[in-house]
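Residue numbers (the working numbering), protein chains in the order written: chain A, 771 to 1027; chain B, 771 to 1027; chain C, 771 to 1027; chain D, 771 to 1027.
It is worth saying that the hints were derived from the structure and are not from the lab. Among the hints, a few may not be true.
If several chains are the same, the list does not tell them apart, and a pair holds so long as it fits within one copy or across any two.
Within a straight-line C-alpha distance of at most 16 Å, the following computed EDC-like cross-link-like pairs (lysine to aspartate or glutamate) qualify [what the hints assert, rightly or not]: (1) K784 to E809; (2) K774 to E872; (3) K945 to E777; (4) K1017 to D817; (5) K915 to E884; (6) K830 to D924; (7) K830 to E910; (8) K811 to D986; (9) K914 to D991; (10) K928 to D785; (11) K839 to E998; (12) K914 to E884.
Residues per chain, in single letters:
There are 4 protein chains.
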Amino acid sequence: MVVKIVEFKKIRVKDGIFIEGMPGVGNVAMVAIGNLIEELKPLHFADLLTSHFNSIVLIKPNAEIQILKGSFYYLKAKRDVIIYFGDQQANTPEGTFELINEILKYIKKIGVKEVLTFGGLQVSEIINRPPKIYGAVSEESLKKKYEKYGVIFDETSKRVGSIIGAIGMLAGYAKYYGLYGASFLVESVPTHFVPDHRGAKALLELICKILEIEFDFKKLDKKIREQEELLEKLKMRTTLKEVEEEKEEKKRLEYIQ
Amino acid sequence: MVVKIVEFKKIRVKDGIFIEGMPGVGNVAMVAIGNLIEELKPLHFADLLTSHFNSIVLIKPNAEIQILKGSFYYLKAKRDVIIYFGDQQANTPEGTFELINEILKYIKKIGVKEVLTFGGLQVSEIINRPPKIYGAVSEESLKKKYEKYGVIFDETSKRVGSIIGAIGMLAGYAKYYGLYGASFLVESVPTHFVPDHRGAKALLELICKILEIEFDFKKLDKKIREQEELLEKLKMRTTLKEVEEEKEEKKRLEYIQ
Amino acid sequence: MVVKIVEFKKIRVKDGIFIEGMPGVGNVAMVAIGNLIEELKPLHFADLLTSHFNSIVLIKPNAEIQILKGSFYYLKAKRDVIIYFGDQQANTPEGTFELINEILKYIKKIGVKEVLTFGGLQVSEIINRPPKIYGAVSEESLKKKYEKYGVIFDETSKRVGSIIGAIGMLAGYAKYYGLYGASFLVESVPTHFVPDHRGAKALLELICKILEIEFDFKKLDKKIREQEELLEKLKMRTTLKEVEEEKEEKKRLEYIQ
Amino acid sequence: MVVKIVEFKKIRVKDGIFIEGMPGVGNVAMVAIGNLIEELKPLHFADLLTSHFNSIVLIKPNAEIQILKGSFYYLKAKRDVIIYFGDQQANTPEGTFELINEILKYIKKIGVKEVLTFGGLQVSEIINRPPKIYGAVSEESLKKKYEKYGVIFDETSKRVGSIIGAIGMLAGYAKYYGLYGASFLVESVPTHFVPDHRGAKALLELICKILEIEFDFKKLDKKIREQEELLEKLKMRTTLKEVEEEKEEKKRLEYIQ
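Take these sequences, add in the hints, and give me the full structure.
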């Protein structure tokens, strides 16, 4: 039952805005925030260590051990931005509760006023249109602010209903810390074991609008194209395999008859 | 392992009486207390936040995020009434222990002297009579007081035997806080995925007698009628389906033979 | 993670000896200690409340609610005896650790010097001889003392190997509190859903020898006879049923052929 | 949630080096460190007691109860060595987190500067060569130091990928305590229910090189030979059994046909 935040550098802001990326449906938020960090190189100022992650470490290509942790970054934009990137979600409901409360307590202390969280809403297909983003807020008055970026609020209750895990709870508990909270869920089509880069891009575009920052989507666009080509190939291969299997089956049946 | 009570308004009473509604068999207590709150609009003065609920938030129709929590209300009746409405029961035995101890500690501080809890006892059928209510008490001397409202005590041990979850523990641990405790379990017939409004009404009638309050049962009666009509339809549909399935089966068998 | 000891009366002893009964194989220790308490009526001076038991309460025949707890008793014998009777064992390894450490801390404070725990060792049959009792000790020097009561030590390692749950840990951790510890395991034949009174009696006889107390085994002997008659009947019934089933089977086979 | 370290003797060192053995793949580290302790008889100066081990005690041949624990030893070599021998790994991720943090906190206080952990990497076969040892480090600069002992670093990421449990976490979290950390994983072939003495020897040879200590491998070599003879016999027996079974099967098929 431990959540420990290790500060390398003391950051204090005024009217800060908080955004986060963690694993979830399509890993959309993780990819969006991951790309933001890679591209804009915000200042890494603190680590979150916790007993609520799995007891495993990763080995980097250079043989360095990498523990599972949360990382806090500071980005100077029109408003001060505090970014949280989590390698994992807490592995129990109790852990989630403790994690989100410790994060809220810490970012409130830093000077954050607004907590924005991001995730995916699994859908089976999106045809010929960009994925929609559904929003939910800690107070109704916040809707106006985000509707102008194209976020949909009037269907969230019907389409989303409930949000499982840290992102809903961060936004929902924000109120108890005197903070504003909002969750944004992008439609995400499950893609065989790879993150959904298209959904991630939609979220990142929203984030850039909200933060009023410029962003070069070239790299992400390339990944989207690669991913789609890969999926196309997988589909073709699957189709080929199916054709083969059909033939085999026919032979088998002929043999039996 | 967190149970935190956030007070919006400081309420202190003398010789207070505590009643509660939480999910359980037929959700009878939840519906009874829910209706009481809706109708009499008691003062919502505190929230209970805890790590022992699921890590999920709900989205209201207006896109507001609603965390899972317990809510405390104050009702001015002949005696001061403290009402607890829980969105969920704790999700582990440890959580239940912590939850009920924190609630007892808090309501004792407020000035509660008597802890009344409510639930359902699953039965398979109730024919042509109102559901019975069985009682269990922290001290034998309390029985007399509730027998006059028609609560049955002499068969509780045989019919109920043990009570699982928060309601039995709230009443049983009351003694260790110097409080009186009693649990009331209404017979409840499991009704396909809908709460048992008839059982809820029986509990609410008992609550009104104990608290000496007037209550307009019109809305609840309407829900009971609607529910019974729905169940009637479901039964008819099931019967029709069975008839159809029987026909199908006959055809199939004829075809095989 | 709560273990709370509520003292009704402050008991302090010199050179005290601790014995306990909790559920386990054949419930032998529970029955032994339960009979001791019923017969000798020691002073009930404290209750142990904990989050490590199931969240359930029992209803007594008089409709009183009975929580699950541990009870401490004081018995004046040649040496002062502290008795613990537990309604349940802790429901996790963590709970067991906390429970036994809190008990050891408490009884050390009271003045206990020696911790004796009791349980059953499941065997498939005991023919024409009383059940054997195997002992294990926190320090080898303790063996001598108990060997004179017929406790077997030289085969314990081979026959028992390890002890699961609170009783082994109470005796094993005793050393870390500066106390002597010993566990006694009686051979116990699993008897269809009823406690093993014969094993319980063997333990109780040992306890009486150690504590140098007189005990009237009449009631327990009666229970043993009743139990054995019941088992005899069950066996006969089973045999009869088997005979019947055999006949049925024969008929069925004749019918098929 | 308890990790308690009981010190029998206060040990404080300068620039100490920490090594450990706990159960894991092939139990290689446990056997390596176990042999080191048996042979060199370092000073046993502290015990680690914890709620994160199973609630079980073992019975030694002399009927003494042995709790599951961690043991700390001090060895005087060229550098001061602190050895940890764990009877078990923590039984939850939370437990592992707490355990490794308490160990790191404690050994830092003692004066340890370098944390070396050992384990096995399961492989299916090793033919005609000694098992390879893969290394992972808390900081890349440490690689140079261990490469000279034949430890492989450039394939660790590809071959190992991640390390599950305490050994990876001890080395990975070392950094947060201002300590150097490294994990060494030896290739280990699963051998029917017996520890892998060959892998253990490879680790122990590495440990001796690092600590610059002499070690007599006679006993371990004997165990390796015994083990290999046993495995050879098992294999022969299996082959014989297979031959027998084949014959039986043939007969059975002949009988059927």
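Here's how the hints hold up against the structure:
1. K784 to E809: Neither, since 24 Å and 44 Å both go past 16 Å.
2. K774 to E872: both (8 Å within a copy, 14 Å between copies)
3. K945 to E777: between (25 Å within a copy, 14 Å between copies)
4. K1017 to D817: Neither. Shortest intra-copy (56 Å) and inter-copy (65 Å) distances fail the 16 Å Cα cut-off.
5. K915 to E884: Within one copy only: 12 Å inside, 48 Å across.
6. K830 to D924: This pair counts as between: shortest inter-copy Cα distance 10 Å, intra-copy 45 Å.
7. K830 to E910: Between copies only: 10 Å across chains, 45 Å inside a chain, cut-off 16 Å.
8. K811 to D986: Within one copy only: 13 Å inside, 54 Å across.
9. K914 to D991: neither (30 Å within a copy, 40 Å between copies)
10. K928 to D785: Answer is neither: 32 Å inside a copy and 45 Å across each miss the 16 Å cutoff.
11. K839 to E998: neither (31 Å within a copy, 43 Å between copies)
12. K914 to E884: Close inside one copy (15 Å), not across copies (47 Å); limit 16 Å.
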